[in-house]
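Residue numbers (my numbering), protein chains in the order written: chain C, 1 to 589; chain E, 1 to 110.
Be careful, since some hints might not be right.
Stated by the list, open to error - DSS-like cross-link-like pairs, simulated, lysine-lysine; straight-line CA separation at most 30 Å:
#, chain 1, residue 1, chain 2, residue 2
1, C, 280, C, 209
2, C, 467, E, 94
3, E, 68, E, 38
4, C, 160, C, 132
5, C, 328, C, 290
6, E, 68, C, 587
Think of the hints as simulated: they come from the structure by calculation, not from any bench.
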Amino acid sequence: MPLNPTVAIVEKQENGHSVAMTRSATTAEHIEPEKSVISEQLSLLAELGRDFATSLDIEVTLERAVERITSYVDAEGGALFLLQNENTQLRCEASTGATDITGIELASDHGIVGRCVQTNTGEIVRDVSKDKSFDGSVDDQTGFTTKSILCAPLSVNEEKIGAIELINKRGESGLFDDSDLQLLEVLSSSAALAIVNARMAADLVEQEKMRRELELAAEIQRNLLPIAPDPNSPIFGVNIPARTVSGDFFDFFELEDGRIAFCLGDVSGKGMNAALLMAKTASLYRCLGKTSDRPGQLMAHINAEICETSTRGMFVTLVGGIYDPKSKLVRLANAGHEPPLHHLAGNKFLAIEAEAPPVGITTLAVPDDGYVEVEVSLADGPLYIFTDGVTEGKLTDGSMFELAGVEKLLTENMDQPLPFRLNSVVNEINRGDGPLHDDITILGLDAATFGDLFLDFDISAQASELKPTRDRLGPWLRNSGISIAEVKDIVLAIDEACQNIIRHAYGGDSDEKINLKITRQADKLLIYLRDFAAPVDVEAIKPRELEDVKPGGLGTHFITEIMDEVDYLKPDEGAGNLMKMVKIIGKSQ
Amino acid sequence: MDHSVAEKDGVSIVTLNGDVDLESSPIAREVLLAAAAKKTAVLVDLAGVDYIDSSGIASLVETLQATKSNGSGFGLVQVSEAALRVLELARLDKVFAIYPTIEDGITGES
Chain C
1 MPLNPTVAIV EKQENGHSVA MTRSATTAEH IEPEKSVISE QLSLLAELGR
51 DFATSLDIEV TLERAVERIT SYVDAEGGAL FLLQNENTQL RCEASTGATD
101 ITGIELASDH GIVGRCVQTN TGEIVRDVSK DKSFDGSVDD QTGFTTKSIL
151 CAPLSVNEEK IGAIELINKR GESGLFDDSD LQLLEVLSSS AALAIVNARM
201 AADLVEQEKM RRELELAAEI QRNLLPIAPD PNSPIFGVNI PARTVSGDFF
251 DFFELEDGRI AFCLGDVSGK GMNAALLMAK TASLYRCLGK TSDRPGQLMA
301 HINAEICETS TRGMFVTLVG GIYDPKSKLV RLANAGHEPP LHHLAGNKFL
351 AIEAEAPPVG ITTLAVPDDG YVEVEVSLAD GPLYIFTDGV TEGKLTDGSM
401 FELAGVEKLL TENMDQPLPF RLNSVVNEIN RGDGPLHDDI TILGLDAATF
451 GDLFLDFDIS AQASELKPTR DRLGPWLRNS GISIAEVKDI VLAIDEACQN
501 IIRHAYGGDS DEKINLKITR QADKLLIYLR DFAAPVDVEA IKPRELEDVK
551 PGGLGTHFIT EIMDEVDYLK PDEGAGNLMK MVKIIGKSQ
Chain E
1 MDHSVAEKDG VSIVTLNGDV DLESSPIARE VLLAAAAKKT AVLVDLAGVD
51 YIDSSGIASL VETLQATKSN GSGFGLVQVS EAALRVLELA RLDKVFAIYP
101 TIEDGITGES
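Can you build the whole structure from these sequences, using the hints too?
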């Protein structure tokens, strides 16, 4: 940072021409101000520094700083100029003295102030009438007479910011001297730093404001999604935005006669404009959907509305339908959307292709009586509707999920409840190991009923079995609709419980078994671990005192810390020990 | 789990990768205590740790105590999110010296 830029002193020469001389550093040695002057200057500097450091309003602080500096140096007027408009212009941001010139603008290389900024050099001009750069137009406007000027540049790390200019020294001599220039240079460097800091702070505040606004928008969007129904509901959906706000949406709601209306859409583009069109389309669907019997016609109305008012080039691919739980029939229409999949017996998937273009492009391609409706019977199998964020989602190896991958997972998990199946598809892409490329949305409809989510398997009581067990538990827990952070904790607790069995019940690796049973009931996850060893003295299993930094005894502490309930029970039949753990899901950690 | 040991500016740097669990922590313990036995400062790089359990944490505590008793420094560097969560559960995140980079660890412990 050039705290002491090269200083040029413009002296009046005998021949009447101004000549700039570069002052050597030794000049400073000739200036020996009294101690009281030094301490006065230091206290002014400290005062200004404090003001800058605590300032919330940089404009007010600059105004005050110019006033103080002007009065200290005993000049008639003072002004602070900052570069703007990509450094092409200088604007007076603060001024004091005989005339108020705040707000005047000049070219960034104009006048003495412009020269000072461009050369990054402080100057004393003792007679402005002899300086070719001097611009008298301001004096003409204000009626003020400028005789001499003291000017110091404002810059930080070679970045030019502007300059401070003092006009007409008062007092007998009426001349600025070297010590005035030196002082102004010191003050201007601290002012320059303060301005840069204030600008950075303002940028941060602006960014934070934007972030908060985006968060608010995201919250409004989340509230547009339906409340997660009972896990045994015939309809379930998942939406994971790639950014804060989503261009995807789904919705479902019960009609008065018990039928369920639903829709799923994907707005072209990403970001706030897509999010707004998403909100509009979803709201129109929900509002009009409550009074309409025919999804195809309803979508035609929405198409007309969006065509009339939408921003050019934006459109929505949309599937809308109505499900009747009594007849198990779904009637749906597809406007340019990725084909929904009907999972039929024999692991066949029937794709329901779109017959018409997306919503928001034209009213001409839509038949008068609305989009074509198709009827699907859920008695033949479940129906899945999803956005291209699913099929085009990236897998661990970077390849695309593709339709085949989606179909494979849905087939593998066909015996699991609907939410588990949808989560298994979403979690294949939303692994928490990097940003998503697109919003992911999937909606499923299934007439079949499933019991509670259940996992039951045996492992050998061996340390080498623990990693495969964790690898099996993780995805299952995620697909049960549990967040990544909670899954990690739960896996740790189960692992520690298995370790306790291996180490304490079986006394080390053994060929005996540990049985794991996990079930999810609403927000409760119940975990049962059973061994077949001699009964363990429950009193002996205690969490260690945490203040006591010693190895060992930590595992039980982890379990009690993570789980909401831990019980040591006797199995209903046979020998061994039964441990029951309960975790309440979704409780803030 | 895999591991490596290096030396930089007179500090032993033990890098642990993967899962530090009941099966692998005896190896981690051996490597860590061997580093501590050299009586130089020891840094453990946990950037690549995907999973660590109580037995892995216990090995770290034991190494901390071994370095303390011979008056050398001990620190954890580049602690992965997964490892940090377990240190927090154990309330050990304030007991261990934790550094964002190896360079910071060397400055802090040597």
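Now the hints, each set against the structure:
1. C/280 to C/209: Given that 30 Å is the threshold and the Cα spacing comes to 24 Å, the pair holds.
2. C/467 to E/94: Roughly 28 Å separates the two Cα atoms, so the pair holds.
3. E/68 to E/38: Holds, at roughly 13 Å.
4. C/160 to C/132: Holds, because 23 Å separates the two Cα atoms, which is no more than 30 Å.
5. C/328 to C/290: Satisfied, since the Cα-Cα distance of roughly 20 Å is no more than 30 Å.
6. E/68 to C/587: 39 Å, violated
Going down the numbered hints, you'll see the structure goes against just number 6.
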